[in-house]
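Novice: Sequence:
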Amino acid sequence: MRKLIEILFVFLFVTLVSVHAKLNPYDMVHRDIRKESALSSSDKKKKTSVPERYAQWFADSEMQRFPEAWQLDHGKAPFFGYAQGVGCCAMLQMWKSTGDKRYFDYVEKWADSLIDDKGDIHLYRVETYNIDYVNSGKVLFDLYRETHKDKYKLAMDLLVKQMKNHPRTLEGAYWHKLIYQHQIWLDGLYMASPFLAQYGAEFNKPEWIDEAVKQFTLCHKHTYDGKTGLYHHAWDESKSQRWADPKTGHSPNFWGRSIGWWFMALVDALDYIPQTHQGRADMIIWIQNLAEVLPKYQDNDGLWYQVLDQPMREGNFPEASVTTQFMYAYAKAVNKGYVDKKYKVYAEKAFKGLKEKLLVENADGTLTLTRCCQVGGLGGNPYRDGSFEYYIGEKMRDNDAKATGPFIMGCLELAK
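Going by UniProt numbering, the first residue of the sequence shown is number 1, and it counts up by one from there.
Source of the hints: derived by calculation from the structure; they are not laboratory data. The C-beta atom is built at its ideal place from N, Cα and C for all residues, glycine as well. Mixed in with the good hints there might be a few duds.
[To be verified] Straight-line alpha carbon distances no greater than 30 Å define the calculated DSS-like cross-link-like pairs of lysine-lysine that follow:
(1) Lys151 <-> Lys161
(2) Lys247 <-> Lys96
(3) Lys164 <-> Lys149
(4) Lys161 <-> Lys109
(5) Lys342 <-> Lys221
(6) Lys336 <-> Lys352
(7) Lys153 <-> Lys164
(8) Lys101 <-> Lys336
(9) Lys101 <-> Lys164
(10) Lys296 <-> Lys416
(11) Lys214 <-> Lys247
(12) Lys205 <-> Lys227
(13) Lys76 <-> Lys153
(14) Lys416 <-> Lys76
(15) Lys336 <-> Lys153
(16) Lys96 <-> Lys149
(17) Lys416 <-> Lys395
(18) Lys296 <-> Lys247
(19) Lys349 <-> Lys227
(20) Lys164 <-> Lys239
(21) Lys239 <-> Lys161
[To be verified] Derived DEER-like restraints, expressed as beta-carbon distance ranges:
(22) Ser240 <-> Lys101: 48 to 56 Å
(23) Val293 <-> Thr248: 18 to 26 Å
(24) Asp398 <-> Gly337: 29 to 37 Å
Generate the whole structure from the sequences, applying the supplied hints.
Specialist: See below:
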């Protein structure tokens, strides 16, 4: 009996081992598959998306053709210009996205060479009251945070000093420049308001957040066109300019890039405006309304036109800066939850159109962005009357920072 029990015990032991041996390889294979699947998923996450690759390709192209950041936008001499600021903001976004310090160093070298230890900026004069000069102050937040150089904070304070005393309309809207009296331009909202909002948020100066919101509110009030849902390039409070409608003070046309500046200004400034701020909801509504109306003017290639609302009019043409600016603003608005995800398709269409129609790969492997409007404005000498003929007659060029910077930032937003 004892021997029989021993035989049964051995039999049961062998059976259990056999069953385990049959199950265990299967379980091990299953675990290997799960592990392989997890690794594959992880690898996919690490893979660079097409928009990311284009962002890096283009940023590197810019640094190759413009070894010094002051050369961005075809600069001829060291200058703290607004267009260089747009390009350098894009480079800082590249640094944050990739961790590659080359992009940070490119920007820091530029700012360091133009700002002295007292915070004075090369060629900058407060008393000219030019709102364009404020835009490049946006790069100084990151530089100050990373380097702890007091001169960057002093330079930001200097720009804020300008805006404390900057001339205004009777309601308190900033003039675009001292030489453009009584005038609000859409461009100016991008140049100063996001900077002021960020300054208020980072240095606990909420009055500057309030000021930024006030500027958006007044600009919307005086430039918005209820019939089209678009915004006039400018408004003249005095109604004395030749370009101004004698009844409304509006400039006569909807210049694409000016609306691009406005759209970008809204999505950027909201980064620093508290959820509880009473003006925040209005700004989001304005973004939503613009996001709803702009597809009407996007062509089949995904591009937008120099004079936005007349794409079929003879002489009008697809233009790079308005397209890149809208691409960026749409993608960021989706990522931030200001508009429904369905609107991302318009940014994706713009990216596709830019790739296929306006981007050119050069023999040296760099990328060029073509069909960029060099400049657009009103008044001055020679006088710019804001007519359709004026806008379509402005010079085009390649690799203008007002288009290339938003292209890089737009690609990074699309990749999120």
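Novice: Now tell me if each hint is right for this structure.
Specialist: Hint by hint, here is what the structure shows:
no.	hint	verdict
1	Lys151 <-> Lys161	15 Å, holds
2	Lys247 <-> Lys96	48 Å, violated
3	Lys164 <-> Lys149	24 Å, holds
4	Lys161 <-> Lys109	25 Å, holds
5	Lys342 <-> Lys221	28 Å, holds
6	Lys336 <-> Lys352	22 Å, holds
7	Lys153 <-> Lys164	16 Å, holds
8	Lys101 <-> Lys336	26 Å, holds
9	Lys101 <-> Lys164	35 Å, violated
10	Lys296 <-> Lys416	26 Å, holds
11	Lys214 <-> Lys247	24 Å, holds
12	Lys205 <-> Lys227	38 Å, violated
13	Lys76 <-> Lys153	27 Å, holds
14	Lys416 <-> Lys76	35 Å, violated
15	Lys336 <-> Lys153	28 Å, holds
16	Lys96 <-> Lys149	20 Å, holds
17	Lys416 <-> Lys395	34 Å, violated
18	Lys296 <-> Lys247	28 Å, holds
19	Lys349 <-> Lys227	26 Å, holds
20	Lys164 <-> Lys239	25 Å, holds
21	Lys239 <-> Lys161	29 Å, holds
22	Ser240 <-> Lys101: 48 to 56 Å	51 Å, holds
23	Val293 <-> Thr248: 18 to 26 Å	20 Å, holds
24	Asp398 <-> Gly337: 29 to 37 Å	35 Å, holds
Violation of the numbered hints given earlier is confined to hints 2, 9, 12, 14, 17; the remaining hints are satisfied by the structure.
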